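Construct the complete structure from the given sequences, taking the supplied hints into account.
Here's the letter readout for the chains.
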Amino acid sequence: MQIRNQKDFGAGLMYMVIGLFFTYMATQYSMGTPAKMGPGYFPFWLGLVMTALGLVILIKSLGAKAAIEKIPPFNWRVIALITGSAVLYGVLLPIMGFIVAVFVLVFLSASASHEFHWKGTLMNAIFLIVFTYLVFVVGLKLQFPLLPFFLQ
Amino acid sequence: MDLFANLALGFDTAFTLQNLFYCLIGCVLGTLIGVLPGLGPIATIAMLLPATYALPPIAALIMLAGIYYGSQYGGSTTAILLNIPGETSSVVTAIDGYQMARNGRAGVALFTAGMGSFFAGCVATLVLAAFAAPLSQLAFKFGPAEYFSLMVLGLIGAVVLASGSLIKAIGMIVLGLLMGLIGTDVNSGVSRYAFDIPELSDGIGFVAVAMGVFGFAEIMSNLEKKDEDEGFLNKMTTMIPTKQDVKRMIPSILRGTAIGSILGILPGGGAALASFGAYSVEKKTSKYSSEFGHGAIEGVAGPESANNAAAQTSFIPLLTLGIPPNAVMALMVGAMTIHNIQPGPQVMTSNPALFWGLIASMWIGNVMLILLNLPLIGIWVKLLKIPYRFMYPAILVFCCIGVYTVNNTVFDVYVTAAFGLIGYLFLKLGCEPPPLLLGFVLGPMMEENFRRALLLSRGNFSTFVTRPLSLGLLIAAALLVVIVALPAVKKTREEAFVEE
Chain V
134 MQIRNQKDFG AGLMYMVIGL FFTYMATQYS MGTPAKMGPG YFPFWLGLVM TALGLVILIK
194 SLGAKAAIEK IPPFNWRVIA LITGSAVLYG VLLPIMGFIV AVFVLVFLSA SASHEFHWKG
254 TLMNAIFLIV FTYLVFVVGL KLQFPLLPFF LQ
Chain W
4 MDLFANLALG FDTAFTLQNL FYCLIGCVLG TLIGVLPGLG PIATIAMLLP ATYALPPIAA
64 LIMLAGIYYG SQYGGSTTAI LLNIPGETSS VVTAIDGYQM ARNGRAGVAL FTAGMGSFFA
124 GCVATLVLAA FAAPLSQLAF KFGPAEYFSL MVLGLIGAVV LASGSLIKAI GMIVLGLLMG
184 LIGTDVNSGV SRYAFDIPEL SDGIGFVAVA MGVFGFAEIM SNLEKKDEDE GFLNKMTTMI
244 PTKQDVKRMI PSILRGTAIG SILGILPGGG AALASFGAYS VEKKTSKYSS EFGHGAIEGV
304 AGPESANNAA AQTSFIPLLT LGIPPNAVMA LMVGAMTIHN IQPGPQVMTS NPALFWGLIA
364 SMWIGNVMLI LLNLPLIGIW VKLLKIPYRF MYPAILVFCC IGVYTVNNTV FDVYVTAAFG
424 LIGYLFLKLG CEPPPLLLGF VLGPMMEENF RRALLLSRGN FSTFVTRPLS LGLLIAAALL
484 VVIVALPAVK KTREEAFVEE
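Keeping their order, the protein sequence lines are chains V and W.
According to my numbering, the first sequence holds residues 134 to 285 in order.
According to my numbering, the second sequence holds residues 4 to 503 in order.
Calculated directly from the structure, the hints in this document are not laboratory data.
Errors might be hidden in some of the hints.
[To be verified] Restricting the straight-line Cα-Cα distance to at most 27 Å, the calculated cross-link-like pairs of lysine-lysine (DSSO-like) are:
{"id": "1", "chain 1": "W", "residue 1": "388", "chain 2": "V", "residue 2": "203"}
{"id": "2", "chain 1": "V", "residue 1": "169", "chain 2": "W", "residue 2": "431"}
{"id": "3", "chain 1": "W", "residue 1": "431", "chain 2": "V", "residue 2": "193"}
{"id": "4", "chain 1": "V", "residue 1": "252", "chain 2": "W", "residue 2": "385"}
{"id": "5", "chain 1": "V", "residue 1": "252", "chain 2": "W", "residue 2": "144"}
{"id": "6", "chain 1": "W", "residue 1": "250", "chain 2": "W", "residue 2": "228"}
{"id": "7", "chain 1": "V", "residue 1": "203", "chain 2": "V", "residue 2": "193"}
{"id": "8", "chain 1": "V", "residue 1": "198", "chain 2": "W", "residue 2": "290"}
{"id": "9", "chain 1": "W", "residue 1": "246", "chain 2": "W", "residue 2": "290"}
{"id": "10", "chain 1": "V", "residue 1": "252", "chain 2": "W", "residue 2": "246"}
{"id": "11", "chain 1": "V", "residue 1": "203", "chain 2": "W", "residue 2": "431"}
[Unchecked claim] These stretches of chain V come out as covered by chain W in the derived footprint (C-beta under 8 Å, 3 or more residues):
{"id": "12", "stretch": "142 to 152"}
{"id": "13", "stretch": "181 to 190"}
{"id": "14", "stretch": "197 to 208"}
{"id": "15", "stretch": "213 to 221"}
None of the values given here were measured: they were computed from a predicted structure.
Think of the CB as a built atom: it goes at the ideal place given N, C-alpha and C, for glycine as much as any other residue.
Spelled out as C-alpha cells, the structure:
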C-alpha cells in the first residue's frame, strides 16, 4: 500500500501514540465521577480525543484524495550538534563553570553551520561571554558557578 | 470620564524613569528582532522571560509588550528595503513595499508604514482602554462553565485562523493541553506523568517548552536551508510623500486600523492575520487595484496599520478575560504568573496601576518607535549584515543561560534540548507549534474550570449547554469549524495562505 501523505501519516501516528500513552497512564490514577473528578478523569478522555484525531488524520493520509507529501529528510549532523551543544552546556556548567560552558556551547553549535570559521567563532564566543557576563551576572545579579571547580 | 482618570493613572505609572527605560528597551529590542529575519517575537520573549524575574512586574510587562508591537515596526523595514519580511505579519508589506522601493520610493514606503503603524497604535491604545472595563464586567458574570466554553472557543478560533491543516492544528492544541497536565494535580495532590522525577512534579517549564520549540527547532531548521539569495538592498530616498500619496494612504490607514483592531480582539487573531486581512480588503476596494503588486501605496499603508493595531488589541482578551488569543499572549500569561499576577478581570481592580500603566506605555512606546524607526533607519539596515552563523549561537547561549536561571537547575536545559528535538519533528511533519503553546498554557485552567463546572452541576454535563452564555460560546466555536469546512471558504482560505 502506498502512503500518499507521509507527513500526515507520521503526524497521525504520533498523535495516536501520545494519546494512547496519556489515556493508558490516566488509568493508573483515580478516575472519580463527573461530579467529583479524580486526577485521571480529564487526561483519560483528552487522551482519547487525541487518539481519535490521530486516527482520522492517519486514515485521511491514506485516502485517494490525499495530497502527495514526503517527510523531508532529517539532517542528523545539525540535530546532533545543536542538541549536543546544549546538553554539554548543562553537563559542564556545574563542574567547569559558566565561562567554559558558554565557550563550548558557542564553538560546538557554530560548527553546525557550513560557513563555520574558527577565528570568527572565537571572536563571537569571547564577545558573548563578556556580554552575557555583564547582563546576567553584573546587571541582573544572577548566581552562576563562574569558574571551573578546581579554581574556585 | 472614568476613562480619562484611568488613563491619567496609567500615564502617571508609565512616566517614571524606570518604566520609560524598560519601554525603550522593549521597543529597541522589538525593532531589532523585527529587522532580523529568523528571530521572531515568540522566541525573543521566551528568551527574555527569565531575565524579567529581577524586574518589578510592571516594568517587565511594559518591556515584553514593547517587543511585540515593536517587532511590527521593524518587520516592515526589511520587507520594504530588501524584500525579506522580518516577521510573518510583514509578508504582505513586502509585496508592494518592495516594488515601491524598486521604483525609487523606498523612503515614502517606509514613511507610510511608520505613520500607519503610529496612527494605528494610538487608536488601538484607546480601543484597549475603552473596551477593557466593560469586558471585565462581563467576565465577572462568568462561571466555570462559561470559562470552559470560552476557552474552547478561543482554542478553536486560534486554529481556524492558522494556516495549514485544521485537524492537525486541533491535535497540537490537545497535545498542548495534555502536556499542561503534567505535574502535581492541584485538587488531589497526585503527581501525574512525572515518573518520580522530582523536577517534573511542578510540571514542565513553560519557558523550556517555548525556547525548545521556537528557539532550538527553528535554528535546526534554518541551518538546513541552503543560503538564500540576498535581496537587493534598495537605496533610501526622500521620505516626504506627495499630496497624491497622502490622499491615497489616509483611507487605507483608517481601514487597516479598523480591521486590525477587530481581528486583534478575536480569539486566534493577531498581527499576522490582521495584515493579511487588510491587504485583501485594500486590494478588493482600491480604485487602483491594477497597481497592486507593482508598488501601490495602499498595499503598504493598510497592512502595516492593521498589524500594529492588532498587536495591541490582542491584549484585550488577555487582560480582561485572562484568555490568551495567540502564542505571544500565551507567553505574556507566563510573564504574569512569574510575577504572581493571575491574568483575568481582577487585574484591573486589584492592580489598576499595572493595568493602565501597561496600556499607557503602549502609546508612549509608539512615539518612541516612530522616532527610533524613521530617523534611525540606517542603523537598523546595517544590522541586517550580521550573518546568521554569528546570530544563532548567540540565541542558543541566551536560551541556555535563561532557562537555567528560571529554577537554577540544569534539568531545564535538558528539557529545552528535548523540546528542540520534538519541535524539529513537528516541523518535519507539518504540525504548527503555536497552538501547542496556547494549549499548554490553558491546559490546567481548562481542567480546573471543567471540574468546577461539573462539581457545581453535580456531574450533569448539560450545564455547558443549558447556561445561555456558555451555550452561545460553544455555538460560536462550532460555527467557526463549520464555516471553515465549507468548500468555498476552504478554497479561499487555502488561497490566502498560498500568498504567504
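Cross-check of the supplied hints:
Restraint check: the Cα-Cα separation between residue 388(W) and residue 203(V) comes to about 35 Å, which exceeds 27 Å; the hinted pair is violated. The hinted pair formed by residue 169(V) and residue 431(W) fails the criterion: a straight-line CA distance of about 41 Å is larger than 27 Å. Proximity of residue 431(W) to residue 193(V) is assessed by CA-CA distance (about 18 Å); at most 27 Å being required, the pair is judged to hold. For the suggested pair residue 252(V) and residue 385(W), the alpha carbons sit about 22 Å apart, so the restraint of at most 27 Å is met.
Annotation: proposed proximity of residue 252(V) to residue 144(W) is violated, straight-line Cα distance about 63 Å (limit 27 Å). With a CA separation close to 43 Å, the supplied pair residue 250(W) and residue 228(W) exceeds the 27 Å bound. As the CA atoms of residue 203(V) and residue 193(V) are separated by approximately 15 Å, the hinted pair is consistent with the 27 Å bound. Proximity of residue 198(V) to residue 290(W) is assessed by CA-CA distance (about 40 Å); at most 27 Å being required, the pair is judged violated.
With a C-alpha separation of about 17 Å, the suggested pairing of residue 246(W) with residue 290(W) holds against the 27 Å cut-off. For the given pair, residue 252(V) sits about 53 Å from residue 246(W) by alpha-carbon distance, which is inconsistent with the 27 Å threshold. Restraint check for residue 203(V) and residue 431(W): the C-alpha separation of about 9 Å stays at or below 27 Å, so the hint holds. Counting residues of the stretch 142 to 152 of chain V whose beta-carbon sits less than 8 Å from any beta-carbon of chain W gives 6, enough to reach three: the coverage restraint holds.
Check on the stretch 181 to 190 of chain V: 6 of its residues sit with their Cβ under 8 Å from a Cβ of chain W, so the three-residue criterion for coverage holds. Chain W is given as covering the stretch 197 to 208 of chain V, and this holds because 5 residues of the stretch bring a CB closer than 8 Å to a CB of that chain, at least three being needed. Counting residues of the stretch 213 to 221 of chain V whose CB lies closer than 8 Å to any CB of chain W gives 5, which reaches the minimum of 3, so the coverage claim holds.
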